[in-house]
Every structure is written in C-alpha cells, then in structure tokens.
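One letter stands for each residue in the lines below.
There are 2 protein chains.
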Amino acid sequence: MDAKQKKILQEFKKAGARIETKSRVKLKTKADLALFYTPGVGVASSYLAEHPEDARALSVKKNSVAVVSDGSAVLGLGNIGPYGALPVMEGKALIFKEMANVDAWPLVLDTQDVDEIVRTVIAIAPSFGGINLEDIKAPECFEVERRLIEHLSIPVMHDDQYGTAIVVLAGLLNAVKVVKKPLKKLRVVISGAGAAGTACTKLLHLAGITDIIVLDRSGAIYLGREGMNAPKQELSTFTNPNKIIGSLEQVLERADVFIGVSGPNLLTSEHIKTMAPNAIVFALSNPVPEILPDEAKRGGAAVVATGRSDFPNQINNALVFPGIFRGALDKGVTKITEETKLRAAKALAALVPTPTAQKLLPDIFDKRVVPAIAKSVR
Amino acid sequence: MDAKQKKILQEFKKAGARIETKSRVKLKTKADLALFYTPGVGVASSYLAEHPEDARALSVKKNSVAVVSDGSAVLGLGNIGPYGALPVMEGKALIFKEMANVDAWPLVLDTQDVDEIVRTVIAIAPSFGGINLEDIKAPECFEVERRLIEHLSIPVMHDDQYGTAIVVLAGLLNAVKVVKKPLKKLRVVISGAGAAGTACTKLLHLAGITDIIVLDRSGAIYLGREGMNAPKQELSTFTNPNKIIGSLEQVLERADVFIGVSGPNLLTSEHIKTMAPNAIVFALSNPVPEILPDEAKRGGAAVVATGRSDFPNQINNALVFPGIFRGALDKGVTKITEETKLRAAKALAALVPTPTAQKLLPDIFDKRVVPAIAKSVR
Chain A
1 MDAKQKKILQ EFKKAGARIE TKSRVKLKTK ADLALFYTPG VGVASSYLAE
51 HPEDARALSV KKNSVAVVSD GSAVLGLGNI GPYGALPVME GKALIFKEMA
101 NVDAWPLVLD TQDVDEIVRT VIAIAPSFGG INLEDIKAPE CFEVERRLIE
151 HLSIPVMHDD QYGTAIVVLA GLLNAVKVVK KPLKKLRVVI SGAGAAGTAC
201 TKLLHLAGIT DIIVLDRSGA IYLGREGMNA PKQELSTFTN PNKIIGSLEQ
251 VLERADVFIG VSGPNLLTSE HIKTMAPNAI VFALSNPVPE ILPDEAKRGG
301 AAVVATGRSD FPNQINNALV FPGIFRGALD KGVTKITEET KLRAAKALAA
351 LVPTPTAQKL LPDIFDKRVV PAIAKSVR
Chain B
1001 MDAKQKKILQ EFKKAGARIE TKSRVKLKTK ADLALFYTPG VGVASSYLAE
1051 HPEDARALSV KKNSVAVVSD GSAVLGLGNI GPYGALPVME GKALIFKEMA
1101 NVDAWPLVLD TQDVDEIVRT VIAIAPSFGG INLEDIKAPE CFEVERRLIE
1151 HLSIPVMHDD QYGTAIVVLA GLLNAVKVVK KPLKKLRVVI SGAGAAGTAC
1201 TKLLHLAGIT DIIVLDRSGA IYLGREGMNA PKQELSTFTN PNKIIGSLEQ
1251 VLERADVFIG VSGPNLLTSE HIKTMAPNAI VFALSNPVPE ILPDEAKRGG
1301 AAVVATGRSD FPNQINNALV FPGIFRGALD KGVTKITEET KLRAAKALAA
1351 LVPTPTAQKL LPDIFDKRVV PAIAKSVR
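Top line first, the protein sequences correspond to chains A and B. 1 is the number of the first residue of the first sequence in our numbering; add one for each residue after it. 1001 is the number of the first residue of the second sequence in our numbering; add one for each residue after it.
What the hints contain is simulated information worked out from the structure, not anything from laboratory work. Check the hints yourself; a few may be wrong.
Under 10 Å between C-beta atoms, here's a sample of chain A residues computed to sit facing chain B [claimed, not checked]: (1) Ile-8; (2) Pro-82; (3) Glu-116; (4) Gln-250.
Heads up, the beta-carbon is just placed ideally off N, CA and C, and yes, glycines get one too.
When you get a sec, could you build the whole thing from the sequences and use the hints?
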C-alpha cells in the first residue's frame, strides 16, 4: 500500500462509517416514549396489520432503499466478497442521502447463490421502498433482477445495468448533437457483454439504434455463435445485423461510436483512426479506461468520455440512481419501466441543451439533476 | 378507531418514519466524491477484501444493529405480520439511537419459517455489528436465537427473551431489598412460558433461585407433564422441585413473587391475599397487566411493578437493550453470555442503591443506565 492509499484508508477509519441513523422525532420524555414506543406504537402496528398498503405513509418504507450486493463484481476489483463490497455500498448510501435525501442502507450478503440472493431480498423487502442491486456479476445479475422485479411490488434496479445504461444513452444523445450525426444511423461497438454492456445494448436498441455490435472476450457476438450463455444469445437476436465476425480491432472499423465497459488499455490511437470520421469514444472502464482521452483524440475522436472525475465528460451512474429512486419513492412507482429509462436519459441530456465536446452532461453536483430524473419516473 | 388513536396515527403520519439516515462525512466536491466513492473507495474495498476482520473499524458494521422481526408476536397484538411489526422495530431503532447512539435499522421479514429467518439473518449479517431479534413467537424464537448465536460472530439477542429477563431480575434484586427477603429463598411463580417467561425462568435460576414454578395455559409445568414441547420440557427439568400440579390460583398460595408475562386481568386481590406476606407482584402484560397495581396492593402486595409508564416501577426492556449492544459494539464482544446477563441485571439494580416500593429501578431517561449496562458486557 502506497502513501496515498494509506491516507485514504485513514480517512475511512476516521469516519468509521459513512452513514449513520438519525431520529426524525424527539424522544426526550415519557410522553414521547409512550407515543412512539409502547403503548402508542400499538395503534400504528394494529393499523398497518390491517392496512399494509399504507406502510409507505407510516414507516421507513416511505423513503428507504436497500443497497444490496453479494460482492461478486465490485468496481474493477472483481469477486471480493461482502466485506470488500461494503465501502462501495456505503458510498452509494451516502450519495443517495446527499443528492436525493433517500434513506439508503447497505446490505452486503454472505451468499452468492442466485436463489439465496433472491430469497433474502424478498424476505427483507417489507422494510424498504426500493431495492438498488449493486456489483453482482453477470450473468447471475440478470436472473436476480428479473426474479425480484417479478416478485416484488417495490422498484428494483440493478444499477450496474440500468444506471450505467441510462447515463450512457444520455451522453450519447448529446454527443450526436456535437458531431451532428443522426442517432438511429449510428454504428455502435460495445466492448463488454457483462451487466453494463448488456443493459447499454438493450437501452440503445430501445432508443432506436439498430447497428450495434457487442463484444465479449471471444470477440463479436452474432446470431448462431457457439457456446454463448442465454443472455448473450438474447443479445445476438437483435444486434450485429450483418453478422460481422471478428475482434474488437476488426469490428471497430468505420464504427461511429465506441462504448467500453470492459477493461483497461484495449485501444490505441491507431484503432481510433480506423473508425468513421468524428468518432465518439466512451471509454468507461474504471479506474483505467480502455483508452486515455488524449490518445483517443490523437486518433481523431471528436468526443471522448470516461468514468473518471479527473477528465472532462464523466459518465457516472451517480447522475442517475438517486433521481430514479427519488422519483419512484415520491410517486409510489413499483416498476422502473423501459419507457422511464428512456425518459430519464432524455431528461438528463436535456439539462445541457448546447453540449460541446468538453461538456456532454451536467455536473454531478448540479442541483437540477435529481429533480429532472425524478420527474421522468412514472 | 377512537379520537385518541386517530391522533396517535396522525403523529406517525406526520413524521413518516421515526428514523432516517445521516451522512457522517461531507460530500460537497468532486474531491469528496473521489475519496468516498470511486476511485478512493477502491482502496477501502481492496483492504477489506484482504482483511474482513477490520470491517468493524472501516464500515457501518462498527456501530450498527439490525432489529429483526417476523411479526409473529408483536406486543400483545399477536401474529400481525411484517408491516404490523414495522412501527415497533422503528421505535426500537429510535430508542437505540437516542439512548445509546447505536445505528439500528429495522428489518421486518416476509417469512415466519425458522429456516428462512435463520438463513436471511445470516445472509445480511456482514453489514451489521449486532442482531436484535424482536417479537418472534415461542417456541420458534428459541431455535432462531440458538442457531444464529451458534453461526454468527456478532452478538445476537432476542430482546423479548433476555432484555425482559435482565430487567426483571434487576427489579427483583431491588424488590427483595425492599421486602427484606433473601433472593435464593424466594418462591417464584411465573405466569407465561413464552419467550419472556422462559428466559426469565432461566436467568432467575442462574441467579440462584431454585423454587420457581412456571405456568402455561394448561397450568403448572412439572417434570413428566404430558404433551409439552421441547423448551417446556427443558424448563421442567430445573423448575418446580416439589412437582406442584395446579392452576395459577393454586400455585400462587404462599408464593413470594408473582411474575406475569402472560395476559390481561388474570388475578384479583383475593389471589394476592393467598401469597406469602410482603408479596412482590410484577404484572408485566402490556398494555393491560395481569392485575392493576391498586388491586394488587389491596391484596397485600408490598411491591408492585408493571410494564406501563403510567404507573410507578416500569419494568421495561428499553432499560437494557441499548446498553447491551452499546457495550458489545464498543468492545467487539461476539456473544452475550449468561454471566453478562447477570452482571447487567446487577449493574442496573445497583443504580438505585436504596430502592423503595415506589422506586425499584432507574428512570429510562437516566443517563447512567446505558454506560452501566455497557460496562457489564464482556
């Protein structure tokens, strides 16, 4: 561990936790206790036993989100288990509170079994108004999310999937304004077929982009490729219409957009030069992107974005998830629909009406972001 | 619903929840975000992946307790499910914060199956520094608590069992001072063989009282009684040494102590008159006790306590659970031992060195209570 890392760890130790609880009512006298504990609480309990649908009005369910992870795909660190995941979940809980006044509690799980994760989240769901799944690896995350959405009557979103997809689409909506290309005519290459890559592909397709090629470690995904799991097979049915076979370098030729949600240092300026003119490069691998912004620009990229805060154009989920859950909680929305995801991307993009190559999306501390996204949730 | 109940419900609605989350660090700049979210959080995550034992120093695990209920035995209201239980769990979370600065989060479960409860709590345990079980019915609660204590390396306490038992023993330690009887010579009758009755019996026995008769709905429990479940059979092995058979009225004759954790209005002054002189009556059924204080005194009781805040001598778990978990969290204690329970009862009793019939235990807002109990946890 270097000196800088030691200093960071020291900051984490100093705070202990990043969040704590806070009382919303006073508890100073026996009368307070008699109201909010016994015997008064019996009135609320009896009422909710008869009217469980009113839990949102009378309890923590009103404003709470569980941030749930099994620690199987934490940041770029991989499968580091629940304790490794805990600081990330606390960081999200902190962002939820500061950005959107959502009361989020981190729940890291001592299991990575799909059935167990689903069972556990269903079991604890009555206490929460929403479930933010986080850092669960593909393909397990798809089934976990699908089954929970099916079963629960509170909103469930796997942020690595749709938080990322929404902010990527928002960035792309503004990037095409900068390069003056029609969205639906774009040829998009997506490197990475995990949680983020799969969801980005689906949302971009839903937004009307038909020429998308997704790549995993074996190269381009195409209909009929052997040995693919079910989620990749599904991708192959609506992507890569020309059944292009090949490596990332090969499929990148003449592409308008590169979206990287895969790994560090995959590309050089030489690769970017083979793309169509005015190429858009979203190199989102964190902390080391698929290609550094300067290198991408040397290859002729017109617009470059990364996941990092120290370059322009940070494409960050934190622009999305607080507003999505804020909106869902406020309106009692039980499912985050595809239409909501599209609307959220458009609402976020619309906050920068005249985007430039240096400024695609609003700043993460821009106070307009959460209300705009929340408004798009229906 | 009467006017008073409507007013109480209104207060619950006004606050929405009784607790919320609060940030412990500031998140105002990109530098803050880079420290506590990506990329800084990666340092803490990597470290905890390697050193999970340090989660207490670096995360919410340091100061957090899950208040877990399946809603199967809520207050005197019975099996009213998770939503009915939620206001009680929030009330406890509120008390945890106000009394002991413990960050407790309510988790009400959508299951009442013992295996599922155990599995769920084990699954979510990495996020918490302690587990407070609550309002789970007997006999299921015994197995749930036993299996969780066995499996987890964080403290687990079913408050309806041992929170109650500790405060009852504390009250009794001071009541015998008032009536000047030796503790170990007492003849104690305990009405109720559920969670509280069973734990009280065990702790009083551990404190050296040998003549205890426990009753359930079928009357006195004695060795060899037919049709008893395993927990009652266990009670029969160390209680009722003279194998007295009979109803509550019958076994109450010549008893020194009555402890009611059963139901409303079971006794009259006539029954109390049959007890030994200077009888001690703890009528703890809530909100309606087994006998009202005035009625018990008419029968000659020397010391009377209830669970209610509107009579003298409130015997309330809230005197105990905040300090138990405060102590366990501060010291990294992983099990609440029998010795700790005894010490906690003695520490609580010692805060009123000269008890009277009107004042057995300290007030619930007495600032000395939590530190004294926390100190007894080892």
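Cross-check of the supplied hints:
1. Ile-8: Because about 4 Å separates Ile-8/A from the closest Cβ in chain B, which is inside the 10 Å limit, the hint holds.
2. Pro-82: Holds, because the Cβ-Cβ distance from Pro-82/A to chain B comes to roughly 4 Å (cut-off 10 Å).
3. Glu-116: Holds, about 6 Å.
4. Gln-250: violated, 31 Å
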